[in-house]
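All chains should be built: construct the whole structure from the sequences, respecting the hints.
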Amino acid sequence: MWKEIKPTKPVLPDKNIFMQEIDSIWDTGIMTNNGEKVQKFKSKLIEYTRCKNLDLFVNGHSALLLAIKAMDLQGEVITSPFTFISTTNAIVQNGLIPVFADIDDSYNLNPNVIEELITEKTCAVITPHIFGIPCDVDKIEKIAKKHKLKVIYDGAQAFGTRVNGKDIACFGDIVMFSFHAIKIFNSIEGGMLSYHDDRLQKKFELYRNFGISYNELGSDVDAIGINAKMNEFQAAMGIVNLSGLNDEIGKRKKIAEQYREMLDDIPGIETYKYRPEIEYNYAYFPIKVLPEYGITRDDLWHGLKETGIGTRKLYDKLTCDYNCYQNKKYIKKIGNAEKVKNMALDLPIYGELSEEDVAYLCQRIKGMRK
1 MWKEIKPTKP VLPDKNIFMQ EIDSIWDTGI MTNNGEKVQK FKSKLIEYTR CKNLDLFVNG
61 HSALLLAIKA MDLQGEVITS PFTFISTTNA IVQNGLIPVF ADIDDSYNLN PNVIEELITE
121 KTCAVITPHI FGIPCDVDKI EKIAKKHKLK VIYDGAQAFG TRVNGKDIAC FGDIVMFSFH
181 AIKIFNSIEG GMLSYHDDRL QKKFELYRNF GISYNELGSD VDAIGINAKM NEFQAAMGIV
241 NLSGLNDEIG KRKKIAEQYR EMLDDIPGIE TYKYRPEIEY NYAYFPIKVL PEYGITRDDL
301 WHGLKETGIG TRKLYDKLTC DYNCYQNKKY IKKIGNAEKV KNMALDLPIY GELSEEDVAY
361 LCQRIKGMRK
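Numbering-wise, our numbering puts 288 at position 288 of the sequence shown, and it's gapless, one number per residue.
It should be emphasised that the hints constitute simulated quantities derived from the structure, not laboratory data. This structure is a prediction, so every number in the text was calculated from the model and none was measured. Hints are supplied without guarantee of correctness; some may be wrong.
What the hints assert, rightly or not - Straight-line distance between alpha carbons at most 25 Å, and here's what the computed DSS-like set of lysine-lysine pairs gives: (1) 332 with 142; (2) 139 with 333; (3) 142 with 52; (4) 69 with 328; (5) 69 with 146; (6) 150 with 332; (7) 328 with 305.
Shown next as structure tokens:
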């Protein structure tokens, strides 16, 4: 008998606890504009990440868009093509030219390719921590320092990850996080920027509120901004969900360990090799379907779907191959990414997933091998 397994599920808190958290909104009458919930959420995030500077936004894309804007960049940006389209869009929307570098076995930007693509026009490295797996931050930042480049990480999938005990939010010049509903940690929708330069705070305050500034005489517009403010209901969801984040990560870690135990002996199925110096958030569980498996990744995805098991082909199209970018003559060095896009498959991983479900799914994968 077939069993339905969803590809992903949102993390929802206890309804009564959330209702208690939002109750005071009716007392204050404040729903947005940096209300008490947003301020409380920000304080809790500073405590969790141990980063001194961070700001909240309505979603991750607006946060990344404004992070790049605040750095006053011009020219070319080295980035990864193996990511959600938001990363590339934010670069181009800021008038910058993406230069696509290859990925390594971690699915992330390969540091060894970066220097080959640096020119006098290069101003920054803007790249994601894909699947919650961190980039080689030490190598990337060493290269950036050598060539005087800015580093912005798209950490949309990486909240809760630590490298050598240091929160991933504390690397680079700026790190963006998405708190979208299907992320491991959500505020329904939402975004966050963490950063080192205190001077950026004033820019972010302006940019996310139409560029409006206030003084004793009234208001003026000091910058060209957008409406990217987080509201009180989002912040309340974030406050409540943050208290359960470590528990959710712990549950996912056990699922990941079970996956590896059951899949690593299947020829043609390759799992990511976790590194001891990294505390992962286990937001995703990617595998590669190699030729030895006997059928393609697409065949496996389709076969599992027919039996009620949802998986995701992340990312079966590189961002530089989407219609809006196909005719652009961007520089690319993406040979490995071209291969991986046809092999990568994201398996279901969320706290509610049972051991029985994981075992069933793994047996289906084993049974489909030719």
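Now for the hints, and whether the structure bears them out:
no.	hint	in the structure
1	332 with 142	holds, 22 Å
2	139 with 333	holds, 19 Å
3	142 with 52	holds, 23 Å
4	69 with 328	holds, 22 Å
5	69 with 146	holds, 23 Å
6	150 with 332	holds, 20 Å
7	328 with 305	violated, 35 Å
When the structure is compared with the earlier hints, a violation turns up for hint 7 alone.
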